[in-house]
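From just these sequences and the hints, can you work out the full model?
When you line the sequence shown up against our numbering, it's residues 1 to 190, in that order.
Take the hints with a grain of salt, since some may be wrong.
Listed next, with one range per pair, are the computed distances between beta-carbon atoms [as the list claims (entries may be wrong)]:
{"id": "1", "residue 1": "Leu20", "residue 2": "Leu93", "range": "26 to 34 Å"}
{"id": "2", "residue 1": "Asn67", "residue 2": "Trp2", "range": "14 to 22 Å"}
{"id": "3", "residue 1": "Gly105", "residue 2": "Pro80", "range": "32 to 40 Å"}
{"id": "4", "residue 1": "Asn6", "residue 2": "Ala139", "range": "19 to 27 Å"}
{"id": "5", "residue 1": "Lys151", "residue 2": "Glu121", "range": "38 to 46 Å"}
Since the hints were made in silico from the structure, they are not lab data.
Keep in mind it's a predicted model, so treat the numbers as computed, not measured.
All C-beta atoms in this analysis are idealised placements derived from N, C-alpha and C, irrespective of residue type, glycine included.
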Amino acid sequence: MWFLSNIYNRLEEWFLALLLASMTLVTFANVVARYVFSSGFVWALELTTALFAWLVLFGMSYAVRVNAHIGIDAVVKLFPPLGQRIIGLIAILCCLVYCVILGIGAWRYLDIMYTLGNESEDLPIQQWIIYLILPVGFALLFARFLQVGVKLLIGSQIQMLADEAADALKQFQQDEPQSTSNNSPKEDGR
Numbered sequence: 001m002w003f004l005s006n007i008y009n010r011l012e013e014w015f016l017a018l019l020l021a022s023m024t025l026v027t028f029a030n031v032v033a034r035y036v037f038s039s040g041f042v043w044a045l046e047l048t049t050a051l052f053a054w055l056v057l058f059g060m061s062y063a064v065r066v067n068a069h070i071g072i073d074a075v076v077k078l079f080p081p082l083g084q085r086i087i088g089l090i091a092i093l094c095c096l097v098y099c100v101i102l103g104i105g106a107w108r109y110l111d112i113m114y115t116l117g118n119e120s121e122d123l124p125i126q127q128w129i130i131y132l133i134l135p136v137g138f139a140l141l142f143a144r145f146l147q148v149g150v151k152l153l154i155g156s157q158i159q160m161l162a163d164e165a166a167d168a169l170k171q172f173q174q175d176e177p178q179s180t181s182n183n184s185p186k187e188d189g190r
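Below, the structure is given as structure tokens:
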């Protein structure tokens with residue numbers, strides 16, 4: 001099971017990197033074509049927008065995996081570890097409900113787009129293909145929140161989110177000896 005999870009994690013990172021690189025290359029090529037050759041690609045803006053939407057909606061689940069979502073935990077930290085886990089489980093339950101509601105709405109919207117069969121304005125593909133990321137993104141987000149919920153239930157994680165302040169303090173303490181080792185002003189030989 002660990003092996004499959006590790007493969008999925010790597011594929012997720014590669015796909016996000018591919019989306020970001022594609023978006024950057026399309027934008028760069030369009031800027032060069034527009035300002036150097038006085039032309040441009042009509043479809044570039046729509047493709048960049050679609051790639052950005054895919055990046056954001058696919059990246060939601062990645063952000064949950066690496067604890068990159070912003071959280072306010074000042075009140076949660078006032079509770080003992082068991083209380084923090086309970087609050088985390090309640091928050092996870094709310095997040096799962098949120099994913100289900102938006103996922104169902106996204107699926108219905110995708111079904112409407114598929115039924116209409118409209119093509120994209122500038123790209124030669126149907127719009128439902130672009131909007132496919134909506135239900136997929138919320139399904140992936142649901143799965144990541146479920147993973148965090150399981151970790152909270154079995155006790156391998158106390159809070160829903162990472163402790164940004166503690167992580168920043170640890171990083172500062174690791175960087176401090178390097179920056180203070182050479183505090184004496186250098187003589188310039190004058």
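Checked hints:
1. Leu20 with Leu93: 26 to 34 Å: 32 Å, holds
2. Asn67 with Trp2: 14 to 22 Å: Since Asn67 and Trp2 have Cβ atoms about 19 Å apart, the given range 14 to 22 Å holds.
3. Gly105 with Pro80: 32 to 40 Å: 38 Å, holds
4. Asn6 with Ala139: 19 to 27 Å: 20 Å, holds
5. Lys151 with Glu121: 38 to 46 Å: About 43 Å separates the Cβ atoms of Lys151 and Glu121, which means 38 to 46 Å holds.
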